[in-house]
Amino acid sequence: MIQFFGDYLTNLSESREYLIIGFSPGSVPLKQRWRNNGLSADFLADYFATFFPSSENNQEDDERQNEVKSAIGYIANELIENAMKFNDPQTNKPIDIALHLRSDRIIFMITNSVAPEKVPGFQTYIQRILASDPADLYIEQLEKNAESEQVEASQLGYLTILNDYDAKLGWKFEKCDSDRGAIAVTSMVQLAV
Amino acid sequence: MEIKTEAYSVWYDPEQATINCQGSLRLSGMKEYQPIIDLLNSVTEQQPEAIILNLQELEFLNSSGINVLSKFVIRIRQQKNIAMTVLGGKDIPWQGKSLKNLKRLMPSLELNWR
Chain X
1 MIQFFGDYLT NLSESREYLI IGFSPGSVPL KQRWRNNGLS ADFLADYFAT
51 FFPSSENNQE DDERQNEVKS AIGYIANELI ENAMKFNDPQ TNKPIDIALH
101 LRSDRIIFMI TNSVAPEKVP GFQTYIQRIL ASDPADLYIE QLEKNAESEQ
151 VEASQLGYLT ILNDYDAKLG WKFEKCDSDR GAIAVTSMVQ LAV
Chain H
1 MEIKTEAYSV WYDPEQATIN CQGSLRLSGM KEYQPIIDLL NSVTEQQPEA
51 IILNLQELEF LNSSGINVLS KFVIRIRQQK NIAMTVLGGK DIPWQGKSLK
101 NLKRLMPSLE LNWR
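Heads up: the sequence lines are chains X and H, in that order. Everything in the first sequence is counted per my numbering, starting at 1 for the first residue and increasing by one. Everything in the second sequence is counted per my numbering, starting at 1 for the first residue and increasing by one.
Everything labelled a hint here was simulated from the structure, so no lab data went into it.
The calculated lysine-lysine pairs, modelled on DSSO-like cross-linking and capped at a C-alpha distance of 30 angstroms, are:
(1) Lys31/X - Lys144/X
(2) Lys168/X - Lys93/X
(3) Lys31/H - Lys93/X
(4) Lys85/X - Lys4/H
(5) Lys85/X - Lys118/X
(6) Lys85/X - Lys31/H
(7) Lys103/H - Lys168/X
(8) Lys31/X - Lys31/H
(9) Lys144/X - Lys103/H
(10) Lys31/H - Lys97/H
(11) Lys168/X - Lys90/H
(12) Lys97/H - Lys168/X
(13) Lys31/X - Lys175/X
(14) Lys144/X - Lys100/H
(15) Lys90/H - Lys103/H
(16) Lys85/X - Lys100/H
(17) Lys97/H - Lys172/X
(18) Lys172/X - Lys118/X
(19) Lys118/X - Lys31/H
(20) Lys175/X - Lys118/X
(21) Lys93/X - Lys31/X
(22) Lys90/H - Lys100/H
(23) Lys85/X - Lys144/X
(24) Lys4/H - Lys31/X
(25) Lys97/H - Lys85/X
(26) Lys90/H - Lys80/H
(27) Lys144/X - Lys80/H
(28) Lys97/H - Lys144/X
(29) Lys172/X - Lys85/X
(30) Lys144/X - Lys31/H
(31) Lys97/H - Lys31/X
(32) Lys80/H - Lys100/H
(33) Lys100/H - Lys168/X
(34) Lys85/X - Lys31/X
(35) Lys168/X - Lys144/X
Input sequences plus hints: build the corresponding full structure.
So, in structure tokens, the structure goes:
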């Protein structure tokens, strides 16, 4: 069974420029790999920024290129960090992140596996995000995090992407091929450019 | 008080009552941010009249880092007697997107751009 939440595009066949990077989390411990998350996000940002050329004499173009690059870097980094944190270590499925360039937007898609017992909590959180005003939920989450000393997951990644970058979010859940019943989650972010 | 690595530095300059953050902060979760959280808390405990948080050279901050700075701002707000200024870099795009939220958490906070 496949389930969709939020704004999710199913047909990306018209994309003419895209890039996919794959990671196998089991190959290197997460702690060592963490630095690589930033490198991958920065690379994606640098690579796609070249499609928004800057010219020496045009400050507006420069600023736009800088803004797009920074937004891609931030969003890609958050998506990769999330996928690494929540990936089900029991499956050997690689995590992959794809960026598609369209004339009016950049589409990010990242797929990782999630342990079946974690799926309901994740979907409840997604439904809460989709049902709320992102600006209010963001502030509410920050106040809540501030109250407790020991919150390991800040749960701010998606909220900053929605609230600060005005992007659209969607998710697809489907069964992995593996027999354990693990679920593959694809998170999609659409950033207007 | 100073934390310095290849990727970032955070230090407190008591004479200027300024906490400086520089570089790229993308640590994994609150556990890895603990030394920075401790530094921020120790500044709050000194109860200065005013604190300046200088982010003008902070090129990158992940959402865990945004959480850390937001918690710090909420803590200062709760003290009620510490004035807070945040210095943002206007050439650093993420700051233009995200720093305004700190003002929503603490309306008396002054946000200056350079």
